[in-house]
Amino acid sequence: MNPVHDDGPGIDQQARRLHQAALAQVSPQTLMRLRAARHEAGQQAPARGRARTWRWLTATAFSAVLAVGLGVQWLPRTPETPAYPATPSVAQADSDLSTDEFGASSALDEDPDLYLWLASADAQPLAMESTP
0 MNPVHDDGPG
10 IDQQARRLHQ
20 AALAQVSPQT
30 LMRLRAARHE
40 AGQQAPARGR
50 ARTWRWLTAT
60 AFSAVLAVGL
70 GVQWLPRTPE
80 TPAYPATPSV
90 AQADSDLSTD
100 EFGASSALDE
110 DPDLYLWLAS
120 ADAQPLAMES
130 TP
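Mapping the sequence shown onto numbering that gives the first Met the number 0, position 87 (from 1) lands on 86, and the numbers just tick up by one.
Just so you know, these hints were derived from the structure itself, not from any lab. Keep in mind that the hints are not guaranteed to be accurate.
[Stated by the list, open to error] The calculated label-pair distances, taken between Cβ atoms and stated as ranges, are:
1) Leu65 <-> Pro27: 54 to 60 Å
2) Arg37 <-> Gly9: 27 to 33 Å
3) Tyr114 <-> Phe61: 54 to 60 Å
4) Pro75 <-> Trp116: 17 to 23 Å
5) Pro75 <-> Met127: 18 to 24 Å
6) Leu30 <-> Arg54: 31 to 37 Å
7) Asp11 <-> Gly68: 48 to 54 Å
Backbone N, C-alpha and C define an ideal beta-carbon position, used for all residues, glycine too.
Given these sequences and hints, build the entire structure.
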């Protein structure tokens, strides 16, 4: 690494004096050509600036679309309704069995005695029996 040099404020003044001396040695024709070249470069700079503007605009638009896409993914989803029409419920005359929207019996879901029987000691030997 380079050691840190602290030459103080004198280095700046010395550089300015050297620059003034160098400018004094340049001919007026050369200075005129340099000014003309700098002026032409300034005229062409806005054209390059417009190209940068389009790049920034494109990058910003892409970032915005990406942010919206990610935001939509995090929105809460609503349950979709079925596309088929609802079936009319069938009334059963002498039975207390009810059916859900798919026609399956929901009596086993509502009967707590079934779950008590499954937890009893009688259910396990019955489940272990094999059928021929």
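Cross-check of the supplied hints:
no.: 1; hint: Leu65 <-> Pro27: 54 to 60 Å; verdict: holds (57 Å)
no.: 2; hint: Arg37 <-> Gly9: 27 to 33 Å; verdict: holds (30 Å)
no.: 3; hint: Tyr114 <-> Phe61: 54 to 60 Å; verdict: holds (57 Å)
no.: 4; hint: Pro75 <-> Trp116: 17 to 23 Å; verdict: violated (41 Å)
no.: 5; hint: Pro75 <-> Met127: 18 to 24 Å; verdict: violated (46 Å)
no.: 6; hint: Leu30 <-> Arg54: 31 to 37 Å; verdict: holds (36 Å)
no.: 7; hint: Asp11 <-> Gly68: 48 to 54 Å; verdict: holds (53 Å)
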